[in-house]
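Visitor: Sequence:
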Amino acid sequence: MTRKYTTLEDVALAAGMSRAQVSRALRGDPGVKPETREHVAQVAKTLGYQPNIAARALVSAQPDTVGIIIGEPTNPFHIQLAQAIDAELQRVGLDSVVSLRAQDDPATLREGDRLLRLRVAGVILISKPRNKEALAALAEQLPCVYLGKRVNHSNVSTIDIDDKSGVEQAIGHLIALGHRRIAHLAGTVEISARERTAAYRAAMRHAGLAANVVMGTHDVASGRRGVDTLAEQGEFPTAIFASNDAIALGAIDRLKGRGLRVPEDVSVIGFDDIPDATSEMLALTTVRQDVDQQAREAVAALQLLAFSTVRKVIRKVLPVSLVVRRSAGPPRN
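So in UniProt numbering, the last spot in the sequence shown is 333, and the numbers never skip.
The hints are simulated quantities; they were obtained by calculation from the structure and are not laboratory data.
Only a predicted model underlies this, so the values are computations on that prediction, with no experimental measurement involved.
Warning: the hint list may mix true and false statements.
[Claimed, not checked] The calculated lysine-lysine pairs, modelled on DSS-like cross-linking and capped at a C-alpha distance of 25 Å, are:
hint, residue 1, residue 2
1, 312, 132
2, 312, 149
3, 45, 33
4, 316, 149
5, 164, 316
6, 149, 132
7, 316, 132
8, 164, 132
9, 164, 149
Please put together the full structure from these sequences, using the hints given.
Guide: As structure tokens, then:
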């Protein structure tokens, strides 16, 4: 169940006062009667209200620390993105607190509580929480920048990528090489994974080809399992489009374990362009996300939300590009 944070408006409603009056009372404004301050403090305590540290910082001492919540620590791209964000924060003179504990939405909200206690100015979220209610609850307490999907909330900026274009480039490249049996090893939970699967189905339908989707998760083990599943289907595909590079690397490992060559027997394309994709041994053709650009945009968006006197919510969709290496080639037959 999603936890609902108590907001200043909740306290004002329970106290029978305006939001501005409650805010002044909680700040200890000497212009507010002592008995009123005591009444408001008691109501806030009863409701479990925690003050929005970032908002308070705009009128007092500004914190210089930003939280980074990594949604999937086992996903190498998420780690790569977090490192780029941390480097960008350092470049603009900000510090970071990195969380690896957000395994699910409730855990993400607990991390939000911890970051509040650490007095961060705001938080950059990498693919978590997935539930809109959980994200809204977190955004009530802290300015948020979300990387991974578009969200409509007055305290959340979003930096997204054009997943659809990336998938179309990948499938278009395979079709141009002559492939017709193109399977998709999909992720499941992430919004980006679902969007990539939908784009794959649409691209195959547009080309008049049959889709073949094997569901999984964004990790190497899922790529290995996906190849095993494809082998059980009978006629093996001539190409595999993986929802991310981790799946692609697992797929290549299992293909070679089964005595199949890449790309001579099976072509493989991934998505992300993690550092391992560039290795001479793998030379993975993949859809590249520009992590440095995403980091710059995320930090700039948070600065506008948490540090600017004129707050501004940003919604950006960044382009992606296909990087052609050696893991994809013409089909053997």
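Visitor: What are the numbers of the hints that this structure violates, sorted from low to high?
Guide: none
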